[in-house]
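Based on the provided sequences and hints, a complete structural model is requested.
For reference, the chains in residue letters:
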Amino acid sequence: MSNSVESTEPPRKWYRDTWQVPAFIKRSLRSWSLSFVGILVFALLWQGTANNIDTSLGQFPGPVQVVEQIQNLYSEYGREQQRRVDFFARQEARNAQMLAEDPNADVRIRPYTGRPTFVDQIQTSLWTVSFGFVIAMFVAIPLGAVCGLSEPVYNAINPIIQLFKPVSPLAWLPLVTMLVSALYVAEDPLFEKSFVTSAITVALCCLWPTVINTTVGVSSVDKDLINVSRVIRLPAHTHLLKIVLPSAIPLIFTGMRLSLATGWMVLIAAEMLAQNPGLGKFIWDEFQNGSSDSLSRIMVAVLVIGFIGLILDKLMLAVQRYVSWDKQTVLR
Amino acid sequence: MQAYLEISNVGIEFNTESGTFRALQSVNLKIAKGEFVTLIGHSGCGKSTVLNILAGLHQATEGGVILDGKEVNSPSPDRAVVFQNHALLPWLSVYDNVELAVKQIFRGQKSKAEMHDWIQHNLELVHIEHASSKRPHEISGGMKQRVGIARCLAMQPKVLLMDEPFGALDALTKAHLQDSLMEIHSNLGTTVVMITHDVDEAVLLSDRIVMMSNGPAASIGEILEVPLARPRSRLELADSAQFLQARQRVLQFLYDKHKYPGTVAA
Ligand SMILES: Nc1ncnc2c1ncn2[C@@H]1O[C@H](COP(=O)(O)OP(=O)(O)OP(=O)(O)O)[C@@H](O)[C@H]1O
Ligand SMILES: [Mg+2]
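Taken in order, these protein sequences are the chains called A and B.
So the first sequence is numbered by the working numbering: it starts at 1287 and just counts up by one.
So the second sequence is numbered by the working numbering: it starts at 19 and just counts up by one.
Simulated from the structure, these hints should not be mistaken for lab results.
No experiment lies behind these values; they were computed from the predicted model shown.
Every residue gets a Cβ at the ideal spot worked out from N, C-alpha and C, and that includes glycine.
Just so you know, not all the hints are guaranteed correct.
Said to hold, decoys possible - What the simulated footprint calls covered on chain A by chain B, stretch by stretch (three residues with Cβ under 8 Å from a Cβ of chain B suffice, anywhere in the stretch; the number is not a length): (1) 1513-1521; (2) 1524-1536.
Claimed, not checked - The list that follows gives simulated cross-link-like pairs (lysine to any residue, SDA-like), each with its CA atoms no further than 20 Å apart: (3) 121/B with 1349/A; (4) 152/B with 1608/A; (5) 1528/A with 117/B; (6) 152/B with 1607/A; (7) 1528/A with 108/B; (8) 121/B with 1513/A; (9) 176/B with 1520/A; (10) 152/B with 1612/A; (11) 1528/A with 176/B; (12) 121/B with 1521/A; (13) 121/B with 1612/A; (14) 121/B with 1607/A; (15) 1509/A with 176/B; (16) 1528/A with 153/B; (17) 1509/A with 151/B; (18) 1509/A with 131/B.
Claimed, not checked - Label pairs and their calculated CB-CB ranges: (19) 89/B with 1522/A: 21 to 31 Å; (20) 33/B with 1479/A: 51 to 61 Å; (21) 1432/A with 89/B: 28 to 38 Å; (22) 145/B with 1420/A: 11 to 21 Å; (23) 26/B with 1603/A: 53 to 63 Å; (24) 1457/A with 151/B: 47 to 57 Å; (25) 151/B with 1612/A: 12 to 22 Å; (26) 1521/A with 26/B: 54 to 64 Å; (27) 1438/A with 159/B: 35 to 45 Å.
What follows is the structure, encoded as structure tokens:
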């Protein structure tokens, strides 16, 4: 065929003859509307199926019941907040009165010990996962870096990593609980024991993806870059800081993202099993409670867990995009 | 000839899974100060290995290299290397890439301001000063290669080693870079050892073309002097008899090596 592809195209004009919606807006509109359709179909199917399932705790919750419970849980939180405010206001009033009668009176404010609401449990879980994650990263990144830099160290440590990597959080939990009880015996502890237990369990389980990815990142620096460093005779510490770590950054962050996701999953399981405060405990309590609303409330927790997991991942992705020099790779 | 860089009786063996592999055997070459030498030969014959030994990145199994009276046994900025794939640090800007080398090499010798001027000067030498704040992924392949050259020039090397520096570039970009390189070579008088696969490039740039025999145990097959006067212009050379003759000689060598890989051409 003599006609080439280019020749069939009309010549390009330097002006635009029709106004067009920019391509990226079109693209995001389409992807949003598709997401919306997907969610809608899912909700309809869910409601339809739920209506037909009866459990010993009543009908299986559909979206409608879930929305109802979201409102309930939120107003419970509001009421609890109000109670708390009232509690302190009452104390202050009483103290003021006591001081008025006797200026030397020994007045104090007692802490509020109300029942933790759903929102409180979310906060606890978020704190715990952050704390556990940070501990894990302080161990994982240096450990991975050392493994990546030194073949002998890697060979020594690798079997241990491989052995502990597949261990479920639930297996660690009793050991960690006992260890924390035995060793964490401060007079006026900064953190609750249950908090420390959950955080350490999270840390133990979310260590591995970061260790492994850091090891790979540090040991797979481009050979040419290492040669450049040798030619300009960079001293060891500059070599590490200027060549090795930056080139490992993308993989380190990939590992950190996986770690955070693992940590969040592990945390819920640990809280359920250990009855440590948090979303896991909320689910377990509701299950034990066994009221007709329980299943819908658990469903709310499930959705919230998913949503928080998603937000955490998006946050890590944003950080990863920001620090990664490798702008060509598509991060998702 | 006064040898500035001398390769004497160099041989190298690699330890591979299937036993030792002798890549080079009795390589001898003397290079004068300011000379431009290209290495040419079939793929896998050991050109990069020779260059890496010159750079100090590989250790010769026997024989040795002497540069300016001193034996070469480890990498040094005296022998700067331009890599085929630019080898720029992707997380640093063009300027910072050159700065990393300059800071390391001239620490204690140049002040901050002097270093800055020196970096600027070298970026200008390769005509890349307008892109100094860009990251490597934002500039074209030819520009990256220019930065790689600037980084090496900024080291003030005694010898500039180049491993197929223009191999991955399109013809036009390549021509521009060759012109830049000729200009730099004539202005600075740098000694250059360059590997190439491109016969025209070898003839255009070199004072001597070193043709390597095929491996294993490769050695130097033939050395061709290119007596063309400098400055050289590619347009005038295109139909110069001397140019065509030199080109013909190199092609003949490569062709013979392809046909009778074992023998060394006379
Ligand atoms: N580190 C090494 N270990 C084992 N063998 C090697 C090593 N480096 C090079 N070789 C072998 O030495 C020979 C020469 O390799 P070299 O890279 O020097 O070739 P080259 O002439 O540069 O080839 P090309 O033109 O393809 O770049 C090849 O057969 C190669 O397989
Ligand atoms: Mg090579």
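### Task
Output the numbers, in ascending order, of every earlier hint that fails for this structure.
3, 11, 13, 14, 15, 17, 18, 22, 26
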